[in-house]
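Chemist: Sequence:
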Amino acid sequence: MKNKLLTAALLAAVLAGCNSQEKKKEENKDKADVVSAPNNQQVDLPAPYATKSVKKYSKVIGWTGEEKPTAPAGFTVSMFADKFVSPRNIYIAPNGDVFIAESNTETKGVKKVKNQLSGKSQSQPSGESANRITILRDANHDGKPELQKIFLSGLNQPFGMLILNNYFYVGNTDGLWRYPYKTGETMIAGKGEKIVNLPAGGYNNHWTRQLLASPDGSKIYISVGSGSNDGEHGMDNEIRRANVLVVDPNGKNEKIYASGLRNPAGITWAPDKKTLWAAVNERDNLGDNLVPDY
Numbered sequence: 236m237k238n239k240l241l242t243a244a245l246l247a248a249v250l251a252g253c254n255s256q257e258k259k260k261e262e263n264k265d266k267a268d269v270v271s272a273p274n275n276q277q278v279d280l281p282a283p284y285a286t287k288s289v290k291k292y293s294k295v296i297g298w299t300g301e302e303k304p305t306a307p308a309g310f311t312v313s314m315f316a317d318k319f320v321s322p323r324n325i326y327i328a329p330n331g332d333v334f335i336a337e338s339n340t341e342t343k344g345v346k347k348v349k350n351q352l353s354g355k356s357q358s359q360p361s362g363e364s365a366n367r368i369t370i371l372r373d374a375n376h377d378g379k380p381e382l383q384k385i386f387l388s389g390l391n392q393p394f395g396m397l398i399l400n401n402y403f404y405v406g407n408t409d410g411l412w413r414y415p416y417k418t419g420e421t422m423i424a425g426k427g428e429k430i431v432n433l434p435a436g437g438y439n440n441h442w443t444r445q446l447l448a449s450p451d452g453s454k455i456y457i458s459v460g461s462g463s464n465d466g467e468h469g470m471d472n473e474i475r476r477a478n479v480l481v482v483d484p485n486g487k488n489e490k491i492y493a494s495g496l497r498n499p500a501g502i503t504w505a506p507d508k509k510t511l512w513a514a515v516n517e518r519d520n521l522g523d524n525l526v527p528d529y
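Heads up, the sequence shown is in our numbering, so the first residue is 236 and it goes up one at a time.
No lab work stands behind these hints: they were computed from the structure.
Be aware that one or more of the hints could be misleading.
To be verified - Heads up, simulated DSS-like pairs for lysine-lysine below, C-alpha to C-alpha not over 30 angstroms straight-line:
| id | residue 1 | residue 2 |
| --- | --- | --- |
| 1 | K290 | K349 |
| 2 | K508 | K487 |
| 3 | K355 | K417 |
| 4 | K508 | K490 |
| 5 | K355 | K294 |
| 6 | K426 | K318 |
| 7 | K379 | K318 |
| 8 | K487 | K429 |
| 9 | K487 | K509 |
| 10 | K454 | K379 |
| 11 | K355 | K287 |
| 12 | K303 | K355 |
| 13 | K417 | K487 |
| 14 | K426 | K454 |
| 15 | K346 | K294 |
| 16 | K343 | K291 |
| 17 | K349 | K291 |
| 18 | K349 | K294 |
| 19 | K343 | K287 |
| 20 | K291 | K355 |
| 21 | K379 | K294 |
| 22 | K287 | K347 |
| 23 | K379 | K417 |
| 24 | K454 | K490 |
| 25 | K349 | K384 |
| 26 | K384 | K417 |
| 27 | K290 | K379 |
| 28 | K384 | K318 |
| 29 | K318 | K291 |
| 30 | K490 | K509 |
| 31 | K343 | K294 |
| 32 | K343 | K355 |
| 33 | K290 | K303 |
| 34 | K429 | K417 |
| 35 | K454 | K429 |
| 36 | K379 | K303 |
| 37 | K355 | K290 |
| 38 | K417 | K490 |
| 39 | K417 | K454 |
Keep in mind that this is a model prediction, so the values were computed, not measured.
Full structure from sequences and hints, please.
Modeler: Okay, structure coming up:
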């Protein structure tokens with residue numbers, strides 16, 4: 236019975252992928268191959284989905300023995316710390332403490348089977364998320380932390396981290412939390428408070444919530460990915476998504492700082508501290524030779 240169920244799930248996954256590709260191709264068959272560009276320039280582009288999208292995932296093999304990643308001339312690579320469960324983001328505190336958010340996408344059912352078929356499951360973890368933050372401290376600066384312990388646990392897919400005004404902020408997928416914090420603490424003991432609710436229902440593949448303080452510390456910027464690949468689940472599911480939001484440190488006065496950003500997973504300040512940079516993962520599976528516009 237178990238084998239029959241697995242076979243059925245595999246077949247369903249394959250058919251779903253094929254049907255999705257054909258549906259998108261049919262929906263876009265009447266769209267023009269030529270689009271208008273600034274200054275009335277004409278740019279020849281293929282129609283969306285004119286070619287089948289192909290993916291090839293990497294296989295994680297880790298380090299063995301004395302092996303190390305190859306570095307450019309003049310650089311070396313060494314292991315700082317290990318034994319993490321999906322270390323997804325790094326935050327370095329003003330005092331030099333290093334915080335690691337351990338979290339990952341959680342998949343189950345047909346989606347999990349599709350990941351196994353495509354090879355995606357071998358390139359990234361997809362089981363239960365660790366949902367914790369680990370602290371590392373290298374007090375003597377020898378490149379090896381003397382302290383490595385769980386700093387905060389029981390979270391919900393944490394990603395962004397920030398220390399501001401005696402608080403430790405965490406960007407969980409469903410909200411911005413803050414905890415009382417004193418410099419040098421190695422564990423959060425106080426009770427936190429959720430100061431901003433963030434959308435996380437339905438399609439939530441873009442679950443990371445990066446945090447960034449304004450240079451003067453008066454604002455906190457929060458990146459929130461879209462609730463879809465390209466709006467296929469309806470615009471009601473995109474409310475407050477595909478944005479960089481900005482709030483006061485107490486979570487009040489929320490505004491949209493930037494919008495139309497499919498998945499702004501990384502945000503930081505340019506060297507001038509006046510321009511916000513965002514690294515955005517744009518839409519997938521359009522086919523060859525097309526810009527990935529969202």
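Chemist: Are the hints correct? Go through all of them and say.
Modeler: Here is what the structure says about each hint:
1. K290 with K349: Within the cut-off at roughly 13 angstroms; holds.
2. K508 with K487: Holds, because 23 angstroms separates the two Cα atoms, which is no more than 30 angstroms.
3. K355 with K417: Measuring from Cα to Cα gives roughly 40 angstroms; hence the hint is violated.
4. K508 with K490: holds, 20 angstroms
5. K355 with K294: holds, 9 angstroms
6. K426 with K318: Holds, at about 27 angstroms.
7. K379 with K318: holds, 14 angstroms
8. K487 with K429: holds, 12 angstroms
9. K487 with K509: Roughly 22 angstroms separates the two Cα atoms, so the pair holds.
10. K454 with K379: violated, 34 angstroms
11. K355 with K287: Within the cut-off at roughly 18 angstroms; holds.
12. K303 with K355: Distance ~24 angstroms between K303 and K355 Cα, so the pair holds.
13. K417 with K487: holds, 23 angstroms
14. K426 with K454: With Cα atoms ~23 angstroms apart, K426 and K454 stay inside 30 angstroms; holds.
15. K346 with K294: Holds, because 19 angstroms separates the two Cα atoms, which is no more than 30 angstroms.
16. K343 with K291: holds, 21 angstroms
17. K349 with K291: holds, 14 angstroms
18. K349 with K294: Holds, because 16 angstroms separates the two Cα atoms, which is no more than 30 angstroms.
19. K343 with K287: Holds, at about 26 angstroms.
20. K291 with K355: The given pair, whose Cα atoms are some 8 angstroms apart, holds under the 30 angstroms limit.
21. K379 with K294: Between K379 and K294 the Cα gap is close to 27 angstroms, so the pair holds against 30 angstroms.
22. K287 with K347: holds, 22 angstroms
23. K379 with K417: holds, 24 angstroms
24. K454 with K490: holds, 11 angstroms
25. K349 with K384: Given that 30 angstroms is the threshold and the Cα spacing comes to 35 angstroms, the pair is violated.
26. K384 with K417: holds, 17 angstroms
27. K290 with K379: Measuring from Cα to Cα gives roughly 37 angstroms; hence the hint is violated.
28. K384 with K318: Since the Cα atoms of K384 and K318 sit roughly 11 angstroms apart, the hinted pair holds (cutoff 30 angstroms).
29. K318 with K291: holds, 27 angstroms
30. K490 with K509: holds, 18 angstroms
31. K343 with K294: holds, 20 angstroms
32. K343 with K355: Status holds; Cα separation ~13 angstroms.
33. K290 with K303: Status holds; Cα separation ~27 angstroms.
34. K429 with K417: Status holds; Cα separation ~19 angstroms.
35. K454 with K429: holds, 16 angstroms
36. K379 with K303: holds, 16 angstroms
37. K355 with K290: holds, 9 angstroms
38. K417 with K490: holds, 29 angstroms
39. K417 with K454: Holds - the C-alpha atoms of K454 and K417 are around 20 angstroms apart, at most 30 angstroms.
The structure fails to meet hints 3, 10, 25, 27 from the earlier list, while all remaining hints are met.
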